[in-house]
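There are 2 protein chains.
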Amino acid sequence: MPNRTVFFVSDGTGITAETFGNSILAQFSAKPRHVRRPFIDTPDKAYQVVREINDTAGREGKRPIVFITLIDTEVRGIIRSAHCLVLDMLGTFVEPLEAEFGIKSNHRVGRFDDISKSQEYTDRIEAINFSLAHDDGQSSKNLDIADVILVGVSRSGKTPTSLYLAMQHGIKAANYPLIPEDFDRGALPSALVPHKKKCFGLTIAPERLREIRHERRPNSKYASLENCRLEVSAAESMMGREGIAWLSSTHKSIEEIATTILRDIRPDRLIY
Amino acid sequence: MPNRTVFFVSDGTGITAETFGNSILAQFSAKPRHVRRPFIDTPDKAYQVVREINDTAGREGKRPIVFITLIDTEVRGIIRSAHCLVLDMLGTFVEPLEAEFGIKSNHRVGRFDDISKSQEYTDRIEAINFSLAHDDGQSSKNLDIADVILVGVSRSGKTPTSLYLAMQHGIKAANYPLIPEDFDRGALPSALVPHKKKCFGLTIAPERLREIRHERRPNSKYASLENCRLEVSAAESMMGREGIAWLSSTHKSIEEIATTILRDIRPDRLIY
Numbered sequence: 030m031p032n033r034t035v036f037f038v039s040d041g042t043g044i045t046a047e048t049f050g051n052s053i054l055a056q057f058s059a060k061p062r063h064v065r066r067p068f069i070d071t072p073d074k075a076y077q078v079v080r081e082i083n084d085t086a087g088r089e090g091k092r093p094i095v096f097i098t099l100i101d102t103e104v105r106g107i108i109r110s111a112h113c114l115v116l117d118m119l120g121t122f123v124e125p126l127e128a129e130f131g132i133k134s135n136h137r138v139g140r141f142d143d144i145s146k147s148q149e150y151t152d153r154i155e156a157i158n159f160s161l162a163h164d165d166g167q168s169s170k171n172l173d174i175a176d177v178i179l180v181g182v183s184r185s186g187k188t189p190t191s192l193y194l195a196m197q198h199g200i201k202a203a204n205y206p207l208i209p210e211d212f213d214r215g216a217l218p219s220a221l222v223p224h225k226k227k228c229f230g231l232t233i234a235p236e237r238l239r240e241i242r243h244e245r246r247p248n249s250k251y252a253s254l255e256n257c258r259l260e261v262s263a264a265e266s267m268m269g270r271e272g273i274a275w276l277s278s279t280h281k282s283i284e285e286i287a288t289t290i291l292r293d294i295r296p297d298r299l300i301y
Numbered sequence: 030m031p032n033r034t035v036f037f038v039s040d041g042t043g044i045t046a047e048t049f050g051n052s053i054l055a056q057f058s059a060k061p062r063h064v065r066r067p068f069i070d071t072p073d074k075a076y077q078v079v080r081e082i083n084d085t086a087g088r089e090g091k092r093p094i095v096f097i098t099l100i101d102t103e104v105r106g107i108i109r110s111a112h113c114l115v116l117d118m119l120g121t122f123v124e125p126l127e128a129e130f131g132i133k134s135n136h137r138v139g140r141f142d143d144i145s146k147s148q149e150y151t152d153r154i155e156a157i158n159f160s161l162a163h164d165d166g167q168s169s170k171n172l173d174i175a176d177v178i179l180v181g182v183s184r185s186g187k188t189p190t191s192l193y194l195a196m197q198h199g200i201k202a203a204n205y206p207l208i209p210e211d212f213d214r215g216a217l218p219s220a221l222v223p224h225k226k227k228c229f230g231l232t233i234a235p236e237r238l239r240e241i242r243h244e245r246r247p248n249s250k251y252a253s254l255e256n257c258r259l260e261v262s263a264a265e266s267m268m269g270r271e272g273i274a275w276l277s278s279t280h281k282s283i284e285e286i287a288t289t290i291l292r293d294i295r296p297d298r299l300i301y
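Sequence lines, in order, name chains R and Y.
Take the first sequence: its letters are residues 30 to 301, numbered as in this note's numbering.
Take the second sequence: its letters are residues 30 to 301, numbered as in this note's numbering.
Just so you know, the hints here were simulated from the structure itself, not pulled from any lab data.
Some hints could be false.
[Said to hold, decoys possible] Pairs of lysine-lysine residues, derived as BS3-like cross-links and limited to a Cα-Cα distance of at most 30 Å, are as follows: (1) R:LYS60 <-> Y:LYS133; (2) R:LYS91 <-> Y:LYS226; (3) Y:LYS170 <-> Y:LYS227; (4) Y:LYS60 <-> Y:LYS91; (5) Y:LYS60 <-> Y:LYS74; (6) Y:LYS170 <-> Y:LYS91; (7) Y:LYS60 <-> R:LYS133; (8) Y:LYS74 <-> R:LYS226; (9) R:LYS74 <-> Y:LYS226; (10) Y:LYS91 <-> R:LYS133; (11) R:LYS74 <-> Y:LYS170.
Keep in mind that this is a model prediction, so the values were computed, not measured.
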């Protein structure tokens with residue numbers, strides 16, 4: 030599939046079109062070229078995209094694949110007239126739902142009159158601020174309002190996972206490192222003790238941890254395989270002893286880690 | 030549409046199913062209850078979900094809507110046997126693509142053998158670390174390797190946008206505040222001058238800024254409407270003078286802001 034182009038054409042940001050399109054394209058081994066055309070909401074703009082699609086088809090000798098999220102019937106019709114394979118996510122699924130619900134759709138694509146004023150959106154921004162302020166044990170204040178506290182050795186994946194939970198799910202995710210001093214003392218950091226129930230552990234294969242730490246501080250004791258082994262094993266024992274559930278981040282993406290954590294903590298305010 | 034439940038059933042994290050499902054549900058005014066069932070990858074787990082769907086149908090007197098991203102034919106068939114309306118995103122779109130490409134699909138849903146080892150994933154994690162280290166002008170080091178530097182007054186939306194760009198698009202997004210001292214001096218912070226070309230501005234309506242700042246520091250001069258007006262107007266003049274493109278975050282979601290910035294900066298390494 031070389032010389033093949035995929036277009037994402039949307040009357041909004043195109044995030045939905047692209048996210049969905051990518052999950053479908055991930056089914057195929059080849060990597061086509063991506064072209065994003067957001068905010069296509071007038072016939073004029075649509076005709077411009079059609080010219081681009083047709084030029085591409087001529088140049089590549091293969092018709093492009095075009096993922097669309099377009100509400101306006103006229104705009105949609107114009108794009109359909111191009112020399113391409115159109116995959117229309119809304120048209121295919123919204124109509125059966127109208128029949129099922131017995132109501133007409135709003136003819137909107139993931140857009141709200143003013144998303145920035147919705148409670149859900151405000152909660153997400155607040156969660157991001159909370160997670161930033163509570164990154165890497167920076168603050169023990171307000172841990173009582175955290176939805177989850179990720180714990181684990183340095184560089185086990187806590188920070189990106191916390192931010193992802195906040196950004197995608199509006200979860201107030203603090204994270205707190207387990208460090209050699211804690212292992213020597215044989216006890217959880219005292220700030221965590223009252224909140225043990227909402228702690229969730231991340232662990233990681235010592236070999237992978239060594240690689241990650243080595244990039245940060247080459248040839249340090251901190252990055253040595255021996256030290257990584259000791260820290261990981263001490264952290265796993267401690268989490269086991271304290272009854273803290275954990276998972277390994279070694280072969281998992283942030284999305285997979287986050288989904289597993291959500292399934293486990295099932296915060297009351299999410300129906301999960 | 031009260032007492033109506035929507036299920037998201039996936040053999041992976043379910044992020045794709047949910048993102049797509051939500052963009053479709055946003056077409057309707059009512060808010061059904063959401064239930065997420067990720068990692069459904071065996072017949073046993075599928076039968077459990079079927080029981081849940083049927084129980085819900087009985088209790089609510091209406092068949093649930095079920096968005097699925099399931100590759101395994103057996104698992105898919107089991108879910109289809111439940112009393113519900115199934116909306117199958119992969120089945121509907123992957124098959125025509127197989128015909129178009131003339132190759133069989135990988136039968137995978139946005140998953141890779143080991144995503145954590147792909148270059149794309151490593152770049153994303155690196156971008157998150159970069160964006161965190163360069164949040165709020167914390168560091169002027171390595172600004173030359175930033176893909177974009179967001180500028181604007183305090184609380185104009187720079188931090189969440191930077192993190193989103195890093196997390197979703199692997200963009201190294203620094204952010205740097207424009208503060209009263211800069212306006213008094215009438216010049217950009219000196220660290221930004223060599224990198225003006227990759228600066229992108231965020232602005233915000235003074236009334237909205239006042240609300241946001243008021244939550245942080247109630248009744249401060251910082252949060253007063255008069256001060257917000259002065260800062261916003263000074264920042265907009267400065268960006269105009271320096272030839273820095275900007276947009277207003279007032280009525281936009283992070284996703285919309287990020288998409289607009291990407292369209293504008295078109296980083297070379299993304300085919301955008």
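Taking the hints in turn, this is what the structure says about them:
1. Taking the CA atoms of R:LYS60 and Y:LYS133, the gap is near 14 Å; set against the 30 Å cutoff, the hint holds.
2. Between R:LYS91 and Y:LYS226 the alpha-carbon distance is near 37 Å, which puts this suggested pair outside the 30 Å criterion.
3. The straight-line distance between the Cα atoms of Y:LYS170 and Y:LYS227 is roughly 15 Å, inside the 30 Å bound, and the hint therefore holds.
4. Restraint check: the Cα-Cα separation between Y:LYS60 and Y:LYS91 comes to about 15 Å, which is no more than 30 Å; the hinted pair holds.
5. A distance of roughly 27 Å separates the Cα atoms of Y:LYS60 and Y:LYS74; the hinted pair therefore holds under the 30 Å criterion.
6. Proximity of Y:LYS170 to Y:LYS91 is assessed by CA-CA distance (about 59 Å); at most 30 Å being required, the pair is judged violated.
7. Proposed proximity of Y:LYS60 and R:LYS133 is supported: the alpha carbons are some 14 Å apart, at most 30 Å.
8. Proposed proximity of Y:LYS74 and R:LYS226 is supported: the alpha carbons are some 27 Å apart, at most 30 Å.
9. For the given pair, R:LYS74 sits about 27 Å from Y:LYS226 by alpha-carbon distance, which is consistent with the 30 Å threshold.
10. Distance restraint check for Y:LYS91 and R:LYS133: the Cα-Cα separation of roughly 18 Å lies within the 30 Å cut-off, and the hinted pair is therefore satisfied.
11. Note on R:LYS74 and Y:LYS170: the hinted pairing is violated, with a Cα-Cα distance of about 41 Å set against a maximum of 30 Å.
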